[in-house]
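Visitor: Full structure from sequences and hints, please.
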Amino acid sequence: MKAWILRSFRKGIITSKFPGGRNENASPWSTPPVYRKGDQDPYCPVGAISQGKADANRCISCGLCYPNYEPSMDIHGSVSSVSVPALKKSIRIYQIDVGSCGACNLEIGALANPQYDMARLGISFTNTPRHADALLVSGVLTDNMREPLMRAYEAMAEPRVVFAVGACAISGSLLGKAVSDTLRIDVTVPGCPPDPFTIMDAVQKARGVK
Amino acid sequence: MNIIILPGIIAFLVILSTYSRSIHRICTITGSIILTVVSILYLTGYLAIDSFIIDHFSLSINHLSGAFLLIISTVWFISGINTVIANWTRTRAFFAGLLFFGILGTLFSGNTITLIVFWEAFTISAMFILGLYNRRELLSSYVFLSVGELSTILLILGAAVSFASAGSFSLAALFDNPLAISLWISGFVVKAGIIPLQASEWYSLGMSGIDSSMSILIGVLIPTVSIYAVEEASLSALQFQAIPLTMIMTGAISVFAGAIYASAAENPRVLAAYSTVENVGAMLVLIGVSSLSFATGHLNLGNFATIGVAIYALMHGIGKSTILSSTAFNSDSFNSREWRSMSRSGLVIASVSMMGLAPLGGGIGEWMLLESLFISSLTMIQYYAIIAVLAGALSALGAGISVVVFTKFVGFTGTASPKMKLSPESRKNYGIGYLLIALPLMTPLLFMLFSGISGYGSKVNFLTGGEIFPNGYTIFSPYNGNTFGVLTPTFTIISLAVIFSCIYLFRPKHVREVDPWAGGVERGRTYNSFNYSNPARITFVRLFPRIEGFMHKDYSSHRFDMVYLTFLSLFRKYERISRVIALKIMNGNVRQYVMYIMITLILSIAIALFI
Amino acid sequence: MKQSHMAFMESGNFLYTLDRFKEVPVLYKGENIKEALQEKIVSTDSSLSIFPYGPSSGGMVESVYFDILTQGERIQKVSFDAGFKNRSIKLSGLSMGDALLRIERMNGVHSAAYSSMFCHIWEKGIAMDIPDQIKYLRVAMMEAERISSHLFVASRLTGGASQNIAHMNILLLREELLRAIASAFGHRYFFGVNRLGGISRPVNINGFQKKIRQISDEYREIFHTLMDSRVFIDRLDRSAIIKGENSSGPAMRASGIKKDGRNLHRYYEGLEFKTITSDGGDALARFMVRSGEIHESASIIEQALLHSGDLKPDPEVNEGSDSFMAGGFMETPSGDASMIIKVRDGKLESTGFMSPSILNMEAFAGSVSGNTFADFLFGYESLGIWVCEMGDFQ
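Chains as they are written, first to last, in the working numbering: chain A, 1 to 210; chain B, 1001 to 1611; chain C, 2001 to 2394.
If you're looking for bench data, these hints aren't it; they were derived computationally from the structure. Keep in mind it's a predicted model, so treat the numbers as computed, not measured. Treat the hints with care, since some could be wrong.
Taking beta-carbon pairs under 7 Å as the criterion, some of the chain C residues facing chain B (in silico) [to be verified]: (1) G2054; (2) P2055; (3) S2056; (4) S2057; (5) R2074.
Glycine residues also receive a C-beta, built at the ideal position from the N, C-alpha and C atoms.
Guide: Following this line, the structure appears as structure tokens:
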């Protein structure tokens, strides 16, 4: 008991000041690559690179375009087509895994880490989509998960926001079908897997905070 | 001559019932209806008490066995219904029939030899039934047999001692010898499954995989008939007051320990078995009180307690067999929605009865138990009074725990409501399901019949019950020639019926239903808007008129929700008071709680000693 | 080619013949629960009921479905369906480089282990010798990944037991580790670092060992404080006991069997480490094994990085157009995975893949009977099962 309290004091405050200040850290190759050198478009297994530009939604962070391209270290790559002020004070997230490799699940879960501490922004996880404001979909859409995904979407109350987290959910990447073919996506969070800061930034965008 | 015709008919039906499953059901139901009619005729006096003797074979029927005949025939009826889902074979049907026949014979037997023969007959057949269902694990049948044979040995010893001293096998000869009567009674008590010899009870019910129809026969009928035998013996042995005192204490400890064990049980059938142990203990206490009262000259209290035993036994018989059969009908293998919903209602009603809540049979039995202990603590001499107080404290504690036990039981088994498709077959036996509900409800209406046995110790007095049932719908408990307490189950039932019909009539007609989130796949269950709301409020709000008018410049109409406001203010007051009580008195401190119990116990003993 | 194949076959306990791989992956194991229910209920009337859990419900990291047959609060039997998120990844017909990208994403959390295994098999197949530096760098990656994976399991267990401060402390350590990995290797989950015959981009391992050592020491402190907590130990003790060899990795070592794929692997030659075992085979034993392995992994990383400085990425490796058949195994954080590939003209013709989670999932479903409902989570999480790697990879 005593040991835990002493540990907490020793650690001090480690939570990021992110939406206010800068992000302290980013996973380099989870951010969209940008052009550095070379004349020809390098080989890209998902065909994301054309004419000196990399499509963030399709990039799977494989790094095969190195050294022609290098990570941008920009975590603001997410695009939100909605802005829901009703969720400004509190937003409850339901995460549904429709066929991911597990990395996106952990990165979404990492938002609860002390370093990110999503609770300070009024973000929290919920165990049922009935209580959820946002649906975070990760992974390529498998046939068997289509029904649970649609049920989860139907179970949610308005206003509801659907996030496609990671390249698999946005574009299907190498491995299968994209979620957007089945369900309308409101927010895309690029990366393979996206950095937790990117996910946090995307949630803030959807709430219209930024 | 009825006494010899009746077993004949039953024997014929038992043999016929081995033909097929449906014949078995028909025979059981027919037989139980015949027995019920006969028992009611005995209790109301249209059939005279009767006996039949050839040499050492003796049958006799009196008012007590008439009352218990009603109980066992009702239980047999429920067991008969349960053959619908039984894993039926001819051998099992035969042994089930033999078991019932043995129990009937025990009820009718007129001397020790005949009783031991029938006693052994049903013990052996119960052992066979347990073994037939669990051929691989015979432990439960062996445990049952060993405890059963222990009781038989005690009975044989008792009969031998009485034969050695009086030279007769008659029951009357038994009652002159203290050793013989002690052996005799302990033989029955062992079989009834009393603490600490409860192994036969929970092993046979909880650990073996027998059908519900068989578990009703073994788990309900055997304790019932044991209690009958104990009561018959103890009512006749009035001169040894140590025996009823021992019975009261043993019974009270059984009530308490049985309830504790039941609340800790993880398996629903073990729970039911320990609840039987608890009920047997309560009946034993009542028998002790009645015997002690007759011995000390408190005839009214004796009659009261005797009726209490019969009501308790009837409650236990109907309640426990309804619970066992409801559990079976509620299992996933049985696909009939009507039966399920019926049996679920039956389960809830039977559980309420088994919790000992008024106005159902269990409530009456529990009330009579505690009332008779109260009265005896006030009227008996000091040392008996102390025992009555101690037994009362233990029994009341056990009764309280049984509320927890059955709340847990219903919570685990009775709340799921799966949606399923109906097959035309499942509609067939629609009506019998209602009986499962009706039987526990019938208990208070049947109690009048038991006034017939109230004269067993002193006088014969049919249907009126003298001072106990003066008008048929009120029970008075006697105290020094006056009345001590009153219970009116009939009025309670009527008032509850009125309240519930009001709620039914004024309920919202359109109930919204939604699918719950069940992991994203179809589960076939829905929630309705009643699940999380207060039905009483929804109902009563309908009684109040709308208010229409301008409000903040907008025309609006809304209900004047006085009920809500009243509830709110009441609850605020209640909350304030309960917070004070919670902080000051009931603050969850176990030490404090134990202290309250100790103080209460000491005060009660002091009152019993000095007032 | 033949030689490498033989070497694989001779590698003792980690031998899987191609026939074994041809079995359909265990995605669904469930018919018997309905039968068991029929059997049990027809003969008894006790209140058995099926509690369905999943596929998408709170409390689970991945989508997986369980039918839990219960009687009261005791679990009688568990059947599972891991086919909900089966991605059916098609590997045959791909070039080796493209296949590697997919193999990395078979299980994103153990991607370094899988990609290293695949590179190793390919290098064996074409009889290519890679420098020790690369070998040890891969070992360092895999061990860092092992620490991260074990920390995740520990965080799930402490979170499930409501040891919230310990839970947060462990999550904190894991995040620190992932950040250290990101700055050293460029990606928090090692995607794209391994390349056939080498690595794809420069790594910067300055101070990496020191960070790992610090995390390991801090974890050891947390572990010892946790072991003082009666509440935590009571939750793990005697839940989901797995005995014998029907499990893999830390689960097997927790039942006292001293087997570790790393002892036999070529990459680990010359590195000294202990094989951590425990007895009891319950969730507590598995937690102890994982905690011990975190410390061992830290020392392996120190040894491995002693030999490798800052590496420059290799020039593009020619994937070649050989035809061969080769197999190999790798000790992933959850247990030993193994793979056989058949290559024709530089393209994958067919593959056989065995993931530890399949074995562990079956072991879990068998072990949890008799436990109470509350033990379910601890049994599942302590095994470190990843449903994503149980899919159908042809």
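Visitor: Next, verify each hint and record whether it holds.
Guide: So, going through the hints one by one against the coordinates:
Contact between G2054 of chain C and chain B, as hinted, is supported at the beta carbon level, the nearest pair being about 5 Å apart and thus within 7 Å. For the restraint placing P2055 of chain C at the interface with chain B, the shortest Cβ-Cβ distance is roughly 5 Å, inside the 7 Å limit, so the hint holds. Annotation: interface hint on S2056 of chain C holds; nearest CB of chain B at approximately 4 Å, less than 7 Å. For S2057 of chain C, the suggested interface contact is upheld, since its CB lies about 4 Å from the closest CB of chain B, less than 7 Å.
Interface restraint check: R2074 of chain C against chain B, minimum CB-CB distance 6 Å, threshold 7 Å, status holds.
No hint from the list above goes unmet by this structure.
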